[in-house]
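Guided by the hints, dock chain B onto chain A, whose structure is given.
So the sequences go chain by chain: A and B. Heads up, my numbering is the position in the first sequence plus 82, with the first residue counted as 1. Heads up, my numbering is the position in the second sequence plus 162, with the first residue counted as 1.
Each hint should be verified, as a subset may be incorrect.
Said to hold, decoys possible - Computed beta-carbon distance windows for the label pairs: (1) E100(A) to D255(B): 41 to 51 Å; (2) G219(A) to V171(B): 54 to 64 Å; (3) E192(A) to E191(B): 40 to 50 Å; (4) A286(B) to D103(A): 34 to 44 Å.
Said to hold, decoys possible - Non-contacting residues of chain A with respect to chain B, defined by C-beta distances greater than 10 Å in every case (computed): (5) V120; (6) L173; (7) L205.
Just so you know, these hints were derived from the structure itself, not from any lab. Where a beta carbon is used, it is the ideal one built from N, C-alpha and C, also for glycine.
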Amino acid sequence: MDEMNMRVRQEKVQKFEEFVDRRLKPNLVDAITLRDKVIEKQKVFSDLKRNIVSLQKNNMTSLRSMVNLGSEVYAQAEVPETRHIFLDIGLGFHVEFTLPEALEFISVREARLAKQIEEHTHLIANIKAQIKLVCEGIRELLQLPPAE
Amino acid sequence: MGDGVKGTVTPLGSLFSPEEARKAAQRVEGAVVQRSSELRRLQGFVSENSALISLVRSLPDELSHEIMVPFGGVAFFPGRLIHTNEFLVLLGDGYYAERTAKQTMDILHRRGKAMEAQVEALKATMLDLEAEVKFFNSTAEEAIEGIVEIREEYVEEPEKNSLSSDNSLHSCKTENLQKLDEDEDEEYARIMARIEELERMEELENGNTSEDNTQENEDTVVRDGDGGSKAGDEDEDEDIEAGHSFSTLDHKYEVIEPKQKLKDPLQKASDQKVLSSFISRQTGNISKQQLKEEAFSNSRMQFPVEAHSFSNKELSVGKEKTASSPFDAQSSVSKIEDSPHETTGQTLNIVSRGHKAFSGSIVERDLDPQPVQSSKNTNLSQAFTGSIVECDIKGESWRNGKVVVM
Numbered sequence: 083m084d085e086m087n088m089r090v091r092q093e094k095v096q097k098f099e100e101f102v103d104r105r106l107k108p109n110l111v112d113a114i115t116l117r118d119k120v121i122e123k124q125k126v127f128s129d130l131k132r133n134i135v136s137l138q139k140n141n142m143t144s145l146r147s148m149v150n151l152g153s154e155v156y157a158q159a160e161v162p163e164t165r166h167i168f169l170d171i172g173l174g175f176h177v178e179f180t181l182p183e184a185l186e187f188i189s190v191r192e193a194r195l196a197k198q199i200e201e202h203t204h205l206i207a208n209i210k211a212q213i214k215l216v217c218e219g220i221r222e223l224l225q226l227p228p229a230e
Numbered sequence: 163m164g165d166g167v168k169g170t171v172t173p174l175g176s177l178f179s180p181e182e183a184r185k186a187a188q189r190v191e192g193a194v195v196q197r198s199s200e201l202r203r204l205q206g207f208v209s210e211n212s213a214l215i216s217l218v219r220s221l222p223d224e225l226s227h228e229i230m231v232p233f234g235g236v237a238f239f240p241g242r243l244i245h246t247n248e249f250l251v252l253l254g255d256g257y258y259a260e261r262t263a264k265q266t267m268d269i270l271h272r273r274g275k276a277m278e279a280q281v282e283a284l285k286a287t288m289l290d291l292e293a294e295v296k297f298f299n300s301t302a303e304e305a306i307e308g309i310v311e312i313r314e315e316y317v318e319e320p321e322k323n324s325l326s327s328d329n330s331l332h333s334c335k336t337e338n339l340q341k342l343d344e345d346e347d348e349e350y351a352r353i354m355a356r357i358e359e360l361e362r363m364e365e366l367e368n369g370n371t372s373e374d375n376t377q378e379n380e381d382t383v384v385r386d387g388d389g390g391s392k393a394g395d396e397d398e399d400e401d402i403e404a405g406h407s408f409s410t411l412d413h414k415y416e417v418i419e420p421k422q423k424l425k426d427p428l429q430k431a432s433d434q435k436v437l438s439s440f441i442s443r444q445t446g447n448i449s450k451q452q453l454k455e456e457a458f459s460n461s462r463m464q465f466p467v468e469a470h471s472f473s474n475k476e477l478s479v480g481k482e483k484t485a486s487s488p489f490d491a492q493s494s495v496s497k498i499e500d501s502p503h504e505t506t507g508q509t510l511n512i513v514s515r516g517h518k519a520f521s522g523s524i525v526e527r528d529l530d531p532q533p534v535q536s537s538k539n540t541n542l543s544q545a546f547t548g549s550i551v552e553c554d555i556k557g558e559s560w561r562n563g564k565v566v567v568m
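So that you can see chain A by itself, here it is in the shape it has in the complex:
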């Protein structure tokens, strides 16, 4: 009787563990990856914003830069006028902005991205909680002392 119980318990424990390993953990990994991507994008926009602000502050009307032609071969490029900037608004579209408009757009973008990150964070937290729950269940089955 006891042994049967033991065996049943072992099977349950094993099932839980499998569930954790096969479903929850990969989900967690995926969610984290997605969130990282969004964070990166947000970073790009914030860098751009910073640059535009510094452009405005220093009144730089012309720029010299190096353009990557591919395989790290650079050519010199000159920007005669920095009044208009083209921004990628998604779906392959680039819109011509003036600098203040660009800044505005960037802020809007940033807000949206932040929201997305928030959602991802929630999802990740959810998955983590599930994993924890299952682990607790396993512990209970094994009658180990509960972890805090």
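Chain B only, in chain A's frame:
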């Protein structure tokens, strides 16, 4: 063909289990997939490189080009490309080189060649892996079908056996078995060979003595090449001594009838030494065990030969005896070692001592079939069952030689 050829039959399935073969095939396929993705990546680099070369070639055509200059990852500024002939090339590890368009093209060209070499190497690796996969799969199929692997020992014909087969047989596991089986064949072959030898000797010895023919029977003088003076058998003792005397006297030699078939080819015998060959009538006596070494040498007799000419490697030639007899080349004494594995024994070494023909007579006293036990040290006594006859070797030819064949 010798009887009793042993062989092994192994089902291929036991050596390579089909499941394992399939698993191995899958593993290799995984490696192939990996390599193919790597290959694709490399090919992408190659195409990008060639596109860049064409771009670099075309840029200097204009003073400046209107372009969209990227600013960060998502923003562009309208602008111009200037200094169209100057390019900054990354050499690696944070080092850049400012080059003209032509130089840049050269750099890129060289890079492209290196990459293509890599691609080729990778392709070759992939081919090998694919061949492996095919092999594994076919092995698995064969194992499933139940193909068996049959191994057999290669047994040569006894007649041809003599020297060449000695080694092969030596390594043969079933040597002993085969030897016993083949003894009869060997005997017969030996007899035939001896007869041939005799005939040949006759021709050769025409100038010498007619009796040389007796040598045909030769039994080889068993001799220990190494020590020479170790006479294993008691019979041999006198022979050996006689042999010694021969060497010193140089005109005496002992004819020792081989007692056993065992004869050790007188390998050691130097060129100068001539071993008299004794009649080995003993063919009849050839015991199964020993005969191997027997004087097959009949067939082997070679005239003016070095001691080594025929000898089997295992046979050792006694020096003393050889020295003693200034025999003609015709006389050959081969010693057969009494090693069980010898099939080689048959070689009779004909060592021609020298300058003189065997003018002695060989008389066989009696046949005492005594198995020659000692290996290297077999003496004449072992080899011969007969008697030792001292002959006067003065004559160039073999006179008075008389061979009593038993």
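**Message:** Output the indices of the hints that this structure fails to meet, ascending.
**Reply:** Of the numbered hints given earlier, the structure breaks none, since each of them holds.
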